[in-house]
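**Student:** I would like the entire structure built from these sequences, with the hints used as guidance.
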Amino acid sequence: MWQWFHKLGSPRWFYHLSSKFLPWLALASVVLIVTGVVWGLAFAPQDARQGNSFRIIYIHVPASFLALAGYYVMAAAGAVGMIWKIKLADMVMVAAAPLGAALTFIALFTGAIWGKPTWGTYWIWDARITSMLVLLFLYIGIIALSRSFSTRETSARACAILALVGTVNIPIIYKSVDWWYTLHQPATIKLTGAPSMHPDMFKPLLVMILGFYCFYALVLLLNTRTEILQRERRTTWVKELAAGK
Amino acid sequence: MKPARKQRLLVVVFIVVIASLVVGLLSYALRENINLFYTPSQVAAGQAPGNTQIRVGGMVVVDSLERASDSLDSSFLVSDGAATLRIHYSGILPDLFAEDEAAVATGTLGDDGVFVAQQVLAKHDEEYTPPEVADAMQQAIDNKAKASTAAKGAYE
Chain A
2 MWQWFHKLGS
12 PRWFYHLSSK
22 FLPWLALASV
32 VLIVTGVVWG
42 LAFAPQDARQ
52 GNSFRIIYIH
62 VPASFLALAG
72 YYVMAAAGAV
82 GMIWKIKLAD
92 MVMVAAAPLG
102 AALTFIALFT
112 GAIWGKPTWG
122 TYWIWDARIT
132 SMLVLLFLYI
142 GIIALSRSFS
152 TRETSARACA
162 ILALVGTVNI
172 PIIYKSVDWW
182 YTLHQPATIK
192 LTGAPSMHPD
202 MFKPLLVMIL
212 GFYCFYALVL
222 LLNTRTEILQ
232 RERRTTWVKE
242 LAAGK
Chain B
2 MKPARKQRLL
12 VVVFIVVIAS
22 LVVGLLSYAL
32 RENINLFYTP
42 SQVAAGQAPG
52 NTQIRVGGMV
62 VVDSLERASD
72 SLDSSFLVSD
82 GAATLRIHYS
92 GILPDLFAED
102 EAAVATGTLG
112 DDGVFVAQQV
122 LAKHDEEYTP
132 PEVADAMQQA
142 IDNKAKASTA
152 AKGAYE
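Protein sequence lines correspond, in order, to chains A and B.
Under my numbering, think of the first position of the first sequence as 2, with each following residue one higher.
Under my numbering, think of the first position of the second sequence as 2, with each following residue one higher.
Just so you know, these hints were derived from the structure itself, not from any lab.
Computed from a predicted model, the values in this text were never measured in an experiment.
Just so you know, not all the hints are guaranteed correct.
Pulled a few chain A residues facing chain B out of the computed Cβ check, cut under 8 Å [unchecked claim]: (1) Y16; (2) P46; (3) R50; (4) N53; (5) F55; (6) A80; (7) G121; (8) A128; (9) T168; (10) I171; (11) Y175; (12) W181; (13) L184; (14) T193; (15) S197.
Distance ranges between label pairs, derived from CB positions [what the hints assert, rightly or not]: (16) A/P46 / B/D96: 13 to 21 Å; (17) A/L207 / B/T150: 50 to 58 Å; (18) A/W14 / B/L26: 39 to 47 Å.
Every residue gets a Cβ at the ideal spot worked out from N, C-alpha and C, and that includes glycine.
**Tutor:** Following this line, the structure appears as structure tokens:
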């Protein structure tokens with residue numbers, strides 16, 4: 002087990018192993034997202050109250066899910082890098098930040114578009130939306146911090162500390178709609194119990210969430226691979242790879 | 002686990018615990034400020050400040066919405082089950098604004114206990130149903146109500 006753990010920590014080994022997963026992840030994300038989009042936008046029934054405008058949920062919810070889950074991926078990678086001093090973990094952390102920032106932005110942006118026809122406003126400073134904006138700033142902060150140091154080790158430690166402190170925000174975002182009075186409605190998909198959504202509407206949403214998970218894994222691997230090549234560019238194995246041997 | 006690693010693990014745990022504690026206490030201290038709106042009960046208890054801009058929210062009471070025929074003025078009651086509050090508003094109500102649905106109004110509370118809103122937002126719930134299913138559910142509720150009144154009539 003420990004041997005496997007340390008072997009995975011080798012960037013070279015990871016680079017070669019991950020290339021086997023890439024086509025399958027790409028295929029799964031394309032199939033799932035295309036199925037989910039067509040199913041959700043064209044075949045799922047419209048909502049009795051919101052009409053067709055509720056369909057933005059098929060982008061909004063999966064993006065928000067991965068924006069939150071992705072933060073844990075980033076923070077966990079930061080913690081592993083900090084404790085075991087594994088360089089690969091630092092690379093994963095740096096690779097996860099722009100991806101998470103993009104997903105958070107999509108969640109906020111689709112939320113604003115959805116808010117106008119339903120609530121009557123693009124933006125409101127309620128607990129859910131404000132804490133989500135804080136998440137965006139945390140991601141952007143980590144991107145900025147990772148580029149502000151001359152040594153990789155200091156940079157990795159600073160980013161890991163910020164990422165770990167920021168984990169506090171994730172349960173706050175998740176529970177904000179239950180703890181405080183907000184304009185945002187409580188969760189439709191619950192950890193325990195059935196979703197408060199008709200199955201015909203819920204199934205395409207589930208497909209979209211799965212598709213976004215695959216897409217997240219795919220982009221995280223690609224970002225990490227780029228980071229590996231960038232950092233290991235002076236090693237012989239990368240030079241050989243570049244020479245096409 | 003090597004002692005050095007164990008120490009770094011403790012540092013990680015320490016960071017997360019301290020950060021949670023700080024943020025937890027902060028948000029506990031600020032809990033009233035984090036709430037987006039006051040409930041009608043809080044307004045009735047005098048907890049909401051008057052003559053300054055605040056938000057109130059609650060369910061729009063059934064059959065309480067009155068619209069002026071010659072202007073955009075409207076008036077309705079919001080309730081949280083315990084207390085109700087009258088809201089006056091001049092403007093276009095959002096599409097999803099309806100009786101028996103939640104709404105959040107921004108405005109000022111007058112000395113007469115009437116809330117004058119500058120903005121009214123609709124708060125929808127987390128349930129999504131196709132129109133046919135919603136119709137069928139409404140039908141079932143209506144039928145049940147009819148049956149119970151019929152049964153009552155038969156006993157009397």
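**Student:** Compare the structure with each hint and give your call.
**Tutor:** Right, here's what the structure says about each hint:
1. Because the smallest distance between the Cβ of A/Y16 and any Cβ of chain B comes to about 25 Å, over 8 Å, the interface hint for this residue is violated.
2. For the restraint placing A/P46 at the interface with chain B, the shortest Cβ-Cβ distance is roughly 3 Å, inside the 8 Å limit, so the hint holds.
3. Satisfaction of the interface hint for A/R50 is found here, the shortest Cβ-Cβ separation to chain B being roughly 6 Å, below the 8 Å cut-off.
4. Hint status for A/N53 relative to chain B: violated, with the closest Cβ pair at about 11 Å, above 8 Å.
5. Interface hint at A/F55: satisfied, since its Cβ lies 6 Å from the closest Cβ of chain B, which is below the 8 Å cut-off.
6. Given hint, A/A80 at the interface with chain B, holds; its Cβ is 5 Å from that chain's nearest Cβ, closer than 8 Å.
7. Hint on A/G121 holds. Least Cβ distance to chain B is approximately 3 Å, under the 8 Å limit.
8. Hint status for A/A128 relative to chain B: holds, with the closest Cβ pair at about 5 Å, below 8 Å.
9. Proximity of A/T168 to chain B holds as hinted, the smallest CB-CB distance being about 6 Å (cut-off 8 Å).
10. Here the hint on A/I171 is broken, as its CB sits about 11 Å from the closest CB of chain B, past 8 Å.
11. Against a cut-off of 8 Å between C-beta atoms, the interface hint on A/Y175 is violated, since the closest Cβ of chain B lies about 14 Å away.
12. Using the Cβ-Cβ criterion of 8 Å, the hint placing A/W181 at the interface with chain B is satisfied: the shortest such distance is roughly 5 Å.
13. Given hint, A/L184 at the interface with chain B, holds; its Cβ is 5 Å from that chain's nearest Cβ, closer than 8 Å.
14. Checking A/T193 against chain B by beta carbon gives a least distance of about 15 Å; that is not within 8 Å, so the hint is violated.
15. A distance limit of 8 Å between C-beta atoms decides the matter here; for A/S197 the minimum to chain B is near 4 Å, and the interface restraint holds.
16. With their beta carbons about 19 Å apart, A/P46 and B/D96 fall inside the hinted range of 13 to 21 Å.
17. Checked against the hint of 50 to 58 Å, the pair A/L207 and B/T150 fails, with Cβ atoms roughly 42 Å apart.
18. About 45 Å separates the C-beta atoms of A/W14 and B/L26, a value consistent with the hinted range of 39 to 47 Å.
When held up to the earlier numbered hints, the structure conflicts with 1, 4, 10, 11, 14 and 17 and fits the remainder.
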